[in-house]
Amino acid sequence: MKNINQTFQYVLTIFPRFLGILSSWAVFLMIVLTTLVVIFRYFLGIGVVGLQEMVIYLHGIAFLFCSAYAYENDEHVRVDIFYRRSSMKNKKLINLIGNLIFLQPMAWTIFILSLDYVSFSWSIYEISPEPGGLPFVYLYKSSILIFSFILIMQSLSLIFSYFDND
Numbered sequence: 042m043k044n045i046n047q048t049f050q051y052v053l054t055i056f057p058r059f060l061g062i063l064s065s066w067a068v069f070l071m072i073v074l075t076t077l078v079v080i081f082r083y084f085l086g087i088g089v090v091g092l093q094e095m096v097i098y099l100h101g102i103a104f105l106f107c108s109a110y111a112y113e114n115d116e117h118v119r120v121d122i123f124y125r126r127s128s129m130k131n132k133k134l135i136n137l138i139g140n141l142i143f144l145q146p147m148a149w150t151i152f153i154l155s156l157d158y159v160s161f162s163w164s165i166y167e168i169s170p171e172p173g174g175l176p177f178v179y180l181y182k183s184s185i186l187i188f189s190f191i192l193i194m195q196s197l198s199l200i201f202s203y204f205d206n207d
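Residue numbering for the sequence shown is 42 to 207, as defined by my numbering.
Among the hints, erroneous ones may be present.
Unchecked claim - The following label-pair restraints were derived from C-beta to C-beta distances:
| no. | residue 1 | residue 2 | range |
| --- | --- | --- | --- |
| 1 | Phe123 | Ile87 | 52 to 58 Å |
| 2 | Asn44 | Trp66 | 29 to 35 Å |
| 3 | Asn131 | Gly174 | 47 to 53 Å |
| 4 | Lys132 | Phe49 | 19 to 25 Å |
| 5 | Ile87 | Phe201 | 27 to 33 Å |
| 6 | Ile97 | Phe59 | 19 to 25 Å |
I should point out that these hints are in silico values taken from the structure, not numbers from a laboratory. Virtual Cβ for every residue (Gly too), placed ideally from N, Cα, C.
Please take these sequences and the hints and turn them into a complete structure.
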């Protein structure tokens, strides 16, 4: 049973972990593109809307995709009025209850409510309304579904980890 549980936890964390690492590269790319935007705009007098939008998209993607990775590594913001002084057993219980009562319903709600929003964007192959903007807004909006999906996966992995008897 323990091997199956650990294997299941591992499988659930592969994709969120990959996207978390990928999001760190998105931050680096965001820095490079911001530098280019500044050079084009202030030194060459050229406005590049597509690059500016790409910086905004990368910022959103980095934030959304690193959320499950941060949660896995316990790097998220926590309201720890009681948590800090709790025993490990109570911390596991608090985390389990938080996952079941708050995180899972919130992630599923985001996923379900954004399905129509994202599918409509895909149905019209939504593009930026700005002249020179990016032609793939529908891909960016899909990151909302990916965000909720990886949070669900990570939360399930942590829920299963609370039942390990280590």
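(message) The hint says 52 to 58 Å between phenylalanine 123 and isoleucine 87; measuring C-beta to C-beta, is that right?
(response) holds (55 Å)
(message) Just to be sure I understand the hint, the distance between the Cβ atoms of lysine 132 and phenylalanine 49 should be within 19 to 25 Å; is that true here?
(response) holds (22 Å)
(request) Given the hint of 27 to 33 Å, check if isoleucine 87 and phenylalanine 201 actually sit that far apart at their C-beta atoms. (result) About 52 Å separates the Cβ atoms of isoleucine 87 and phenylalanine 201, which means 27 to 33 Å is violated.
(request) Mind checking the hinted window 29 to 35 Å against the Cβ distance between asparagine 44 and tryptophan 66? (result) holds (33 Å)
(message) Against the range 47 to 53 Å, how does the distance between the Cβ atoms of asparagine 131 and glycine 174 compare: consistent or not?
(response) With Cβ atoms ~51 Å apart, the hint holds.
(request) Could you see if the CB distance from isoleucine 97 to phenylalanine 59 stays within 19 to 25 Å? (result) holds (23 Å)
In summary, the structure is inconsistent with hint 5 from the numbered list given earlier, while agreeing with all the others.
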